[in-house]
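Protein chains in written order, with UniProt numbering: chain A, 1 to 455; chain E, 1 to 455.
For the record, the hints were derived by calculation from the structure and aren't laboratory data.
Keep in mind that the hints are not guaranteed to be accurate.
As the list claims (entries may be wrong) - No farther apart than 30 Å at their CA atoms in a straight line, the calculated lysine-lysine pairs in the DSBU-like style are these:
{"#": "1", "chain 1": "A", "residue 1": "K149", "chain 2": "E", "residue 2": "K26"}
{"#": "2", "chain 1": "A", "residue 1": "K433", "chain 2": "A", "residue 2": "K387"}
{"#": "3", "chain 1": "A", "residue 1": "K422", "chain 2": "A", "residue 2": "K387"}
{"#": "4", "chain 1": "E", "residue 1": "K433", "chain 2": "A", "residue 2": "K96"}
{"#": "5", "chain 1": "E", "residue 1": "K26", "chain 2": "E", "residue 2": "K59"}
{"#": "6", "chain 1": "A", "residue 1": "K433", "chain 2": "E", "residue 2": "K252"}
{"#": "7", "chain 1": "E", "residue 1": "K280", "chain 2": "E", "residue 2": "K115"}
{"#": "8", "chain 1": "A", "residue 1": "K149", "chain 2": "A", "residue 2": "K103"}
{"#": "9", "chain 1": "E", "residue 1": "K53", "chain 2": "A", "residue 2": "K205"}
{"#": "10", "chain 1": "E", "residue 1": "K205", "chain 2": "A", "residue 2": "K418"}
What the hints assert, rightly or not - Over 10 Å on every C-beta distance to chain E, these chain A residues come out as not near it, computed from the model:
{"#": "11", "residue": "G68"}
{"#": "12", "residue": "L185"}
{"#": "13", "residue": "E264"}
{"#": "14", "residue": "D303"}
{"#": "15", "residue": "N380"}
{"#": "16", "residue": "R402"}
{"#": "17", "residue": "P446"}
Note that beta-carbon positions come from the ideal geometry of N, C-alpha and C, so glycine has one too.
There are 2 protein chains.
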Amino acid sequence: MISELRNILNDSQISTNETILDLHSKDESYHIPSKPDVVVYPETSEQVSAILKFANEHKVPVQPFGMGTSLEGHIIPYDRGITIDFSLMNKIIEIKEKDFLVKIEPGVTRTQLNKELSKYGLFFPVDPGADATLGGMAATNASGTLSVKYGTMRDNVRDMEVVLADGTTIHTGTLAAKSSSGYHLNGIFVGSEGTLGCITELTLKIFGIPEFMSAARATFKTIDDAVEAVVAVLQAGIPIGRIEIVDETSVKQVNHFSESTYEEVPTLFLEFHGNEAGLKQDVAFTKDIFEDFNCLDIQFETDTAARNQLWDARHNLAYAYIHSYPGRKMMVTDVCLPISELAGAIHHARVVIDQLGLPGGITGHVGDGNYHIILMIDMNDPEEIQKSKELNEQIVEYALARGGTCTGEHGVGFGKQKYQEKEHGEALEVMRKIKQVLDPNAILNPNKLLNDKNS
Amino acid sequence: MISELRNILNDSQISTNETILDLHSKDESYHIPSKPDVVVYPETSEQVSAILKFANEHKVPVQPFGMGTSLEGHIIPYDRGITIDFSLMNKIIEIKEKDFLVKIEPGVTRTQLNKELSKYGLFFPVDPGADATLGGMAATNASGTLSVKYGTMRDNVRDMEVVLADGTTIHTGTLAAKSSSGYHLNGIFVGSEGTLGCITELTLKIFGIPEFMSAARATFKTIDDAVEAVVAVLQAGIPIGRIEIVDETSVKQVNHFSESTYEEVPTLFLEFHGNEAGLKQDVAFTKDIFEDFNCLDIQFETDTAARNQLWDARHNLAYAYIHSYPGRKMMVTDVCLPISELAGAIHHARVVIDQLGLPGGITGHVGDGNYHIILMIDMNDPEEIQKSKELNEQIVEYALARGGTCTGEHGVGFGKQKYQEKEHGEALEVMRKIKQVLDPNAILNPNKLLNDKNS
Chain A
1 MISELRNILN DSQISTNETI LDLHSKDESY HIPSKPDVVV YPETSEQVSA ILKFANEHKV
61 PVQPFGMGTS LEGHIIPYDR GITIDFSLMN KIIEIKEKDF LVKIEPGVTR TQLNKELSKY
121 GLFFPVDPGA DATLGGMAAT NASGTLSVKY GTMRDNVRDM EVVLADGTTI HTGTLAAKSS
181 SGYHLNGIFV GSEGTLGCIT ELTLKIFGIP EFMSAARATF KTIDDAVEAV VAVLQAGIPI
241 GRIEIVDETS VKQVNHFSES TYEEVPTLFL EFHGNEAGLK QDVAFTKDIF EDFNCLDIQF
301 ETDTAARNQL WDARHNLAYA YIHSYPGRKM MVTDVCLPIS ELAGAIHHAR VVIDQLGLPG
361 GITGHVGDGN YHIILMIDMN DPEEIQKSKE LNEQIVEYAL ARGGTCTGEH GVGFGKQKYQ
421 EKEHGEALEV MRKIKQVLDP NAILNPNKLL NDKNS
Chain E
1 MISELRNILN DSQISTNETI LDLHSKDESY HIPSKPDVVV YPETSEQVSA ILKFANEHKV
61 PVQPFGMGTS LEGHIIPYDR GITIDFSLMN KIIEIKEKDF LVKIEPGVTR TQLNKELSKY
121 GLFFPVDPGA DATLGGMAAT NASGTLSVKY GTMRDNVRDM EVVLADGTTI HTGTLAAKSS
181 SGYHLNGIFV GSEGTLGCIT ELTLKIFGIP EFMSAARATF KTIDDAVEAV VAVLQAGIPI
241 GRIEIVDETS VKQVNHFSES TYEEVPTLFL EFHGNEAGLK QDVAFTKDIF EDFNCLDIQF
301 ETDTAARNQL WDARHNLAYA YIHSYPGRKM MVTDVCLPIS ELAGAIHHAR VVIDQLGLPG
361 GITGHVGDGN YHIILMIDMN DPEEIQKSKE LNEQIVEYAL ARGGTCTGEH GVGFGKQKYQ
421 EKEHGEALEV MRKIKQVLDP NAILNPNKLL NDKNS
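Okay, chain A solo, but in the shape it has when bound (with noise of 0.2 Å):
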């Protein structure tokens, strides 16, 4: 196999180092590691398909990786074979300021992409917590705090260049701002999870950075009382860019991490974009609501230092407790629901944590009726795996049974597929006969998402 890749790539592209191969072992979740054989680093796409037409006439398994960031165990190579390591395609290609546009290499990180783009006072808004590569972005579908506003990484592709398991390049999608031509590809490409194709590149729906923002902290004595009170203010048709629930426990663990002192109360950590006068009438109006909600306090940041590092404290909750649980590993919960059905579901939450004595801290993008419950296992307790595993299953069963889905954001990777038949029921087979046409010897990313025989 190394023989066959050499005619492809340069021997600097391809490792068989132990170091190398155990950094591409895992991912940030507590799934359990397992090496590929070997490491490539394409640098175009020509190169990516040369790798998978090998691969697919030799039937080897295929995994692409953008950073490792994921949660589900989706880079992790159970079946061995090739990971394919995209960080040497990490150009900005070209940025079409006059039509919002930005052409990208997979490789290429949401942090990087945003440094570029200021100088042209634009932005991207998919932002999940991890400095992930867009690549793998779209291959889960990712979102995150802006996504209530601006949709989530399916929203904003416009089109991508994707190799298929025999090499073949296709286009998933168009410039231009909609389309009714074929079968709508982006769609069905986008979280993926690899399982249908490797992405060789992307152009990407970009927005001008507001005109003005303005970001708050609101306290409330209750967590039915904050979550309550996003539901209203999403009835009432206040344009919000972002709005965070963040539960006592989290909000200790940003304290702690952070060096913050914001008090260990739920609290929701919203943002406002908008022109002067109607941010400032949205403001108000949502000052209004929260009050009829018990609101303790709500404070507002203006100024742009202050803003970030409100959000910085935001993004960063995962690694504070990744920090102040050292050699343990995080396990988030990661369901979605019709906004109608989220205070039930996070007070459901807060019970079984407690029921069941885990040390868990409830946050979430609760504008879209996503929330997630952070653990951190101890790998070596088997209790304590069985009683997470339980904990996942309930808060699963819950979301499902109203309406709901098992991830609003993180992917099935290897994690969820158990849960996929009852999500899908029938359309699940429509998935497999999909999956098996595009990728008939079952090479790319195997023992995910749909392969439910191992979960």
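Model the placement of chain E on the given structure of chain A, informed by the hints.
Positioned in the frame of chain A, the structure of chain E alone reads:
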């Protein structure tokens, strides 16, 4: 066949009456009519499932039919067979106010839906000119004047129940606002034009009627100025609700049909949505920008009746043409381009229209980069038919060469199959594989979207 169908449906739900067959032989386009063998009117998804199961076993073509307002021959049964008319499945099942969702049957029309939603201060924003059914609108990924703000059907379908070729019933989505679970089937079934399944239920996103709205008409000396003004407004990040262009020829048609007295020069129809303070600032900013592009005059209509009249005039534009050219058939081009290419495209369109000596008017959803040329063709004049087809081809070639699409909102149907290979390249093979694996007997709306043999 009829006796088999009698096992599934009542006699009143089956028709072979010539007038009925004739009504189902054509849409609103210039494409040549062709009758089905039978028209059926199911009342439940179980009946749709039984019809498809029967059709699949006997390899009988099936085409779904909403209101017959398609513009590319989507519903014409060129291979005869069964036309499923969804007019009896027209119930609004549930309005979930708190979740901003509505569950409906596919035969509900957009005015029927909005009439009901208005009782709750809510509305559904996708507004093609025709009073189409929501099932048909989802099948073609329809859009309209409000899509610049609210998106297309694909952006507003949360979930669908779809009956597949073999009679299996699936759900394509979830009720949650976002999901990273499984392949995104919504994306591929919306816009699949009845070639992958029959939609039997839809859950759609709905919106609060904006707090404040202001409509405006702005007139310009040249169409180039008007288009450049639109691009400048978009680039300034002003969150416009609607922004439509109507050229001189089309304003004439509007005046003639609606008995209005709009000045017959290139005109932008606009609408701003928002809170009162924000809207005032947006309107003032837009006026400033328009002045830089030689705006002749700008008139505002804040009064609801005047605003509705203005938008009715715009929506009735196609009917204004039909009314003025009795006996002729409508051909409408429908390309969509990156916004930076729009001014050049519209300029090119006017040159080609004049060169060919055709009486064509330009109109369009310019905020999306989507514009139409409306032509009324004398189907007895082979030279005019030939010239119209030539125009369409030149317009499409221009758009495709600049990263655009051959259809922004009308769909492929019968008429645009010939452009699919050029637009999608190798991706067309992926679409064909998906079609083949989901509809192996090719019973679902044959000769549409992917079968370029006849178009």
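These are the hints, each one checked on the structure:
Note on K149 (chain A) and K26 (chain E): the hinted pairing is violated, with a Cα-Cα distance of about 41 Å set against a maximum of 30 Å. The hinted pair formed by K433 (chain A) and K387 (chain A) fails the criterion: a straight-line CA distance of about 35 Å is larger than 30 Å. Among the hinted pairs, K422 (chain A) with K387 (chain A) is consistent with the structure: their alpha-carbon atoms are about 21 Å apart, no more than 30 Å. Taken as a hint, the K433 (chain E) and K96 (chain A) pair is broken in the structure, with Cα atoms around 33 Å apart against an allowance of 30 Å.
Only pairs whose Cα atoms come within 30 Å are accepted, and K26 (chain E) paired with K59 (chain E) is accepted, the gap being roughly 23 Å. Taking the CA atoms of K433 (chain A) and K252 (chain E), the gap is near 53 Å; set against the 30 Å cutoff, the hint is violated. Distance check on the hinted pair: K280 (chain E) and K115 (chain E) sit about 29 Å apart at the alpha-carbon level, within 30 Å; holds. Proposed proximity of K149 (chain A) and K103 (chain A) is supported: the alpha carbons are some 22 Å apart, at most 30 Å.
Taking the CA atoms of K53 (chain E) and K205 (chain A), the gap is near 42 Å; set against the 30 Å cutoff, the hint is violated. Restraint check for K205 (chain E) and K418 (chain A): satisfied, since their Cα atoms lie roughly 29 Å apart, inside the 30 Å limit. No beta-carbon of chain E is positioned within 10 Å of the beta-carbon of G68 (chain A); the least distance is around 17 Å. L185 (chain A), annotated as away from the interface, has a beta carbon of chain E within 10 Å; the closest lies near 6 Å.
Under the 10 Å C-beta cut-off, the non-interface status given to E264 (chain A) relative to chain E holds; the minimum distance is some 29 Å. Remark: the non-interface label on D303 (chain A) is consistent with the geometry, its nearest Cβ contact in chain E lying 22 Å away (cut-off 10 Å). No beta-carbon of chain E is positioned within 10 Å of the beta-carbon of N380 (chain A); the least distance is around 30 Å. Its beta-carbon lying about 8 Å from the closest one in chain E, R402 (chain A) breaks the requirement of being farther than 10 Å from that chain.
Annotated as non-interface, P446 (chain A) keeps its C-beta farther than 10 Å from every C-beta of chain E; the closest such distance is 16 Å.
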